[in-house]
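Peer 1: Here are the chains, one letter per residue:
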Amino acid sequence: MSSEESLTLTEEDGRLRPFLGALLLRARAPLILLFVILTAFFGWQLRGLRPDASFEKMIPVSHPYIVNFLENREDLSGLGNAVRIIVENKNGDIFSREFQQTLQEITDEVFYINGVDRAGLQSLWTPNVRWLEVTEEGFVGGAVIPDDYDGSPQALEKLRANTLKSGQIGRLVANNFRSTIIVAPLVERDPKTGERLDYQQLSADLEALVRDKYQTEDLRIHITGFAKLVGDLIDGASLVGTFFAVAFVITAVMLFLYSRCHWSTFAALLCSTVAVVWQLGLLPIMGLGLDPYSMLVPFLVFAVGISHSVQIINRFAHLSHSAVDTREAAKLTFVRLSKPGFIALLSDGVGFLTLRVIDIPVIQELALIASTGIAVLVLTNLILLPLVLSYTGISQRCHRYRDDKLNSEYRHWHQLSAASLPRNAKLIVAACTVLFAGGWWLAQQQKIGDLDPGAPELRPHSRYNLDTAFLTDNYSTSTDVFVVMAHTPPQQCGNYQSLAAIDHFQAVMENVPGVQSALSLVDISKLVIMGMNEGNPQWHALSRNQYILNNSLSRVPSNLLNTDCSMVPVILFLEDHKADTLDQVIAAAEGFTEQYNSEHISFRLAAGNAGVEAATNIVIRTAQNRMLIWVYGVVIVLCLLNFRSLKITACIILPLMLTSLLGQALMAMLGIGVKVATLPVIALGVGIGVDYGIYIYTALAHFLREGQDLRSAYFSALKTSGTAVAFTGLTLAVGVGTWIYSPIKFQADMGLMLTFMFFWNMVGALLVLPALAWLFGAKPHQQVTSAADGKA
Amino acid sequence: MTNNNKQVTARHWPRIVRQVCAAIALSLAGVVTGSSAYANDFEALPALTVAEAGKRVLLDITRAGGRLVAVGERGVVLYSDTGGDTWQQAVVPHSNTLTSVTFIDAQNGWAAGHGGIILHSGDGGQTWHKQFDGNQANRQWLNFIQQRRDSLAETIEELDDSQQAERDDLEYRLDDAEYALEDAALALQTGPVDPFLDIWFGDAKNGVAVGAYGMIYRTEDGGENWVIAAAGIENPDRYHYYDVDADRSGRLYLSGEAGLMYRSLDGGRQWQRLGPFYDGSLFGVVTRGEEVMAYGLRGHIFKSVDGGTRWQSLPAAPFSLYGGTRLADGTVILVGAGGGYLLGPEGAPFTSKLHPSRSSFSSVSGDGSGRVVAVGMNGAAALPQGEASE
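Going down the list, the sequences are from chains V and D. The numbering of the first sequence is the numbering used here, which starts it at 1 and goes up by one. The numbering of the second sequence is the numbering used here, which starts it at 1001 and goes up by one.
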């Protein structure tokens, strides 16, 4: 890079790149046609692109807990994949004629919704919800809705009595009798077509056929359940299109303000958009869908594409302005920028790839997709863009703007370059030290995992989470479920010894702070034994008599044991899913297994949303440091290779480290935990952030070599690449900044963190780097022999 | 009562066949239990210290002086000197679920429960030690049945041919005894199964413990030795015994499954069957002066004012009644399913109430200073008296 750019090929340009450049430009028409065809092909592939919220990808599949969970997945599938529709009477209790009529209508409506397991549907109006009473002759019972129900006060009174006898208070009927639940278990596959359940469609059906149809001022509908959550997630994710449009428009405006040239703006946007189309089109070919995490990638690809385009259109405009024809200018641009562009993209791509050390598929996929996107950018922005520019040229306005710019004195850059003066540099270094210490202290308080109640994927005040909160407030249930699987030899799960061990385990776990209650077939067994003894609570205990036990287990719901009676899920209901709570639960459960696991019964952790979260936390806790070591290791090696100087490498890396630390401190301050969504942010930030330092220091070294003093050299460096770096930082920040408004909480967290990282990395490169250069004694001539020759 | 059915269907098999079957069953039982001999018998572990103990399943509550003592699931014993506001957990060496507790004064008390366990406390319920367990009960029962079988066989031997009718009857009873012997041998293999459902003491020495399948044991030395007392009571179907209580004159009443009602005038040695006046379960007996009341399934209540000879039916409560007590002022309180309870001041009919928890109660006790605490599936709850709670 040079402010006085040579308009003819020089020794520095080598022989390969001029050859390639000439070749490319000679074949520019067929090449552009090829790009058009490929873009059409990838565009056509977009048909196959599906939103994807696969649960399995978001979990650390090789952690022992998850291995245990996945091994028993089929047997655990009956646990909880149900939708709960809560119908609330705002003006009284549920025992009114109008309310019951609506409830009956909604029950009928839900019965016919596709995906609902009709036999398992439960509400006060389904025949499987019964009351039971022991009489002298034996059991008597019936449907909760009296056979002769006619809506009269007497019938309603009978209904109330039956409800009390049914034992459904706190389960189907709220503790305050003001609402009642319709439980709709779901079938994973359509029994007729064999197709997988379409969560999005189901969620839409529930909205249209239940909530929109029946909700009034007096009657509120609340819907919870994993299927509804996934539906809401996919709905929320579809807003991403809007975010992309907003980011696109803002970027276009910024580009135009920067270049004042509609042709350059058009060419940069076109090539970056083509990169996004290719990247998205590659997904179905690689057999991937667009999950809420990898939705980040198009934004990154677009932003990185724009920032490299800025370098290219800047150089092209400069060359064109210097009265070279557009074709020659395009060729020279390619010759001069393909190498630094390639190295910068390489460092981005490798930085992303380091994310693959994290053992969570969604992050590994994110790494792969992002690296692929970066590879695509090499083609679209380093090759296609100069070709397009060779046709379009630059506009007249751009020429005038260039003139103005050259004549200005770059006053703001002049002021900024003072950062390299000793007095200012000392101040900056001191301030950074303070920030470093403060950041370090705050970063220690960083929490692992999700910190908010409800479904962590959505915002605390989203409708889904409000509905969930309503459920937990009014019913005896919790949404944070930790499942421990008790394994026995086949057919032994109902043995007294197995059940006694499970019973004892439950007793131990119920004493752990944060555990509300425990449930397994032991509880059912005790209740049935009590029922067989006329409901007398004195019989609420296990029996060593196997006949009695077998009898008591004959009515256990099938989801509480597997088909060959070798595994019993023990369900722990937790107060929340904070990392501290989960740690206590794990410690207690592991302690029990160490003491009591044997060949007869072994308790294995862990399933349920809280169990999965616990395993994820464990993986993330270790992965965070591993990932930082890897990503910093990679960028340090790249810097050392490029500059062959430890001091320069330190000048570039230290500002990045400060940003990483401040990022962690920010997370601690804002209450954002380290989780699947926020873990990759630091690696992405470092991978892209290192570009700034490389550009700036390359220019700085060039001018230092020319014999300028530090401040002049830095001023010159800012003049050539300062604008591009600042612009890059802003485009990247804007690209991901729109995510802050996502209804999906983890996307918002990601957006916020990335915006912060990209912006601070830029500030670090422009302000802290020169101060560090002073600190490490960068002087004219001194680095000539050791620094790279500035070609990069 | 599955064993009863089995007796009926197989009664007519030749005895030799059944003895072979029994031998096989016994040896199989040995193999099965032998092979699944676990390192851990969780009931033998000391009771866990539990968080929020007052919310756990509690099955019986009583007074020890001014203190309330409650027992419940997995060996939990709690005591409260604050009328049930706060609870402390006692030290208990086993985790059997306890169904019954009784104190004769502020210091000495006994608790009984599942696995045939009987515990004693000499310090007002703070620490407990074991007096008796289901293994001992199983051995005593086996001996008892063996003796009965032997004496029946002996009697049959001594009969001559002219007493054919009597012989048939005795052979029939001998068959039953053979079966009971098989069951008893199996039970010994299975381990301590059957629960005690009530324990009662008249003074520091004499007590009775009763339970499932006709379990009945007596002590005359404060529980040092518990001795099977099945000889003094007729219960051929081995129905459960639920509750023992004494009236002012020292008459003992015992209620049980299938409308069983007995009276003993000699402290529990010999029991005389009363009734029958009901065929459902009578879960409890409560006395007031010379008056005795039995209550049970579906809220049925029966009262006798002549020492148990004649019984009259009182209006039934709309819920099963599982426990009851008499307060110092003579008010009888009965508690039961779904949070229901009855208040019966002396000389007035019962009024029915519903506790807002709606959770089943198993037992109730006054604390001696006007407060009443019920226990059940949701732990302990203060019962408001007098004013309507519904």
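Be a bit skeptical, because a hint or two may be false.
The calculated lysine-lysine pairs, modelled on DSS-like cross-linking and capped at a C-alpha distance of 30 Å, are [what the hints assert, rightly or not]:
| # | chain 1 | residue 1 | chain 2 | residue 2 |
| --- | --- | --- | --- | --- |
| 1 | V | Lys90 | V | Lys339 |
| 2 | V | Lys339 | V | Lys447 |
| 3 | D | Lys1055 | D | Lys1130 |
| 4 | V | Lys90 | D | Lys1130 |
| 5 | V | Lys213 | V | Lys90 |
| 6 | D | Lys1130 | V | Lys165 |
Here's a subset of chain D near chain V, in silico, CB distances under 8 Å, partners left out [stated by the list, open to error]:
| # | residue |
| --- | --- |
| 7 | Leu1048 |
| 8 | Glu1073 |
| 9 | Val1091 |
| 10 | His1114 |
| 11 | Leu1142 |
| 12 | Leu1188 |
| 13 | Thr1190 |
| 14 | Pro1192 |
| 15 | Val1193 |
| 16 | Gly1202 |
| 17 | Gly1370 |
Don't read these hints as lab results, they were simulated from the structure. Quick reminder that beta carbons are idealized off the backbone N, C-alpha and C, glycines included.
Peer 1: Hint by hint, note whether the structure agrees.
Peer 2: Structure-based check of all given hints:
| no. | hint | in the structure |
| --- | --- | --- |
| 1 | Lys90(V) to Lys339(V) | violated (68 Å) |
| 2 | Lys339(V) to Lys447(V) | violated (42 Å) |
| 3 | Lys1055(D) to Lys1130(D) | holds (25 Å) |
| 4 | Lys90(V) to Lys1130(D) | violated (56 Å) |
| 5 | Lys213(V) to Lys90(V) | holds (17 Å) |
| 6 | Lys1130(D) to Lys165(V) | violated (39 Å) |
| 7 | Leu1048 | holds (6 Å) |
| 8 | Glu1073 | holds (7 Å) |
| 9 | Val1091 | violated (16 Å) |
| 10 | His1114 | holds (5 Å) |
| 11 | Leu1142 | violated (16 Å) |
| 12 | Leu1188 | violated (12 Å) |
| 13 | Thr1190 | holds (5 Å) |
| 14 | Pro1192 | holds (7 Å) |
| 15 | Val1193 | holds (4 Å) |
| 16 | Gly1202 | violated (22 Å) |
| 17 | Gly1370 | violated (26 Å) |
Checked against the numbered hints above, the structure violates hints 1, 2, 4, 6, 9, 11, 12, 16 and 17; every other hint is satisfied.
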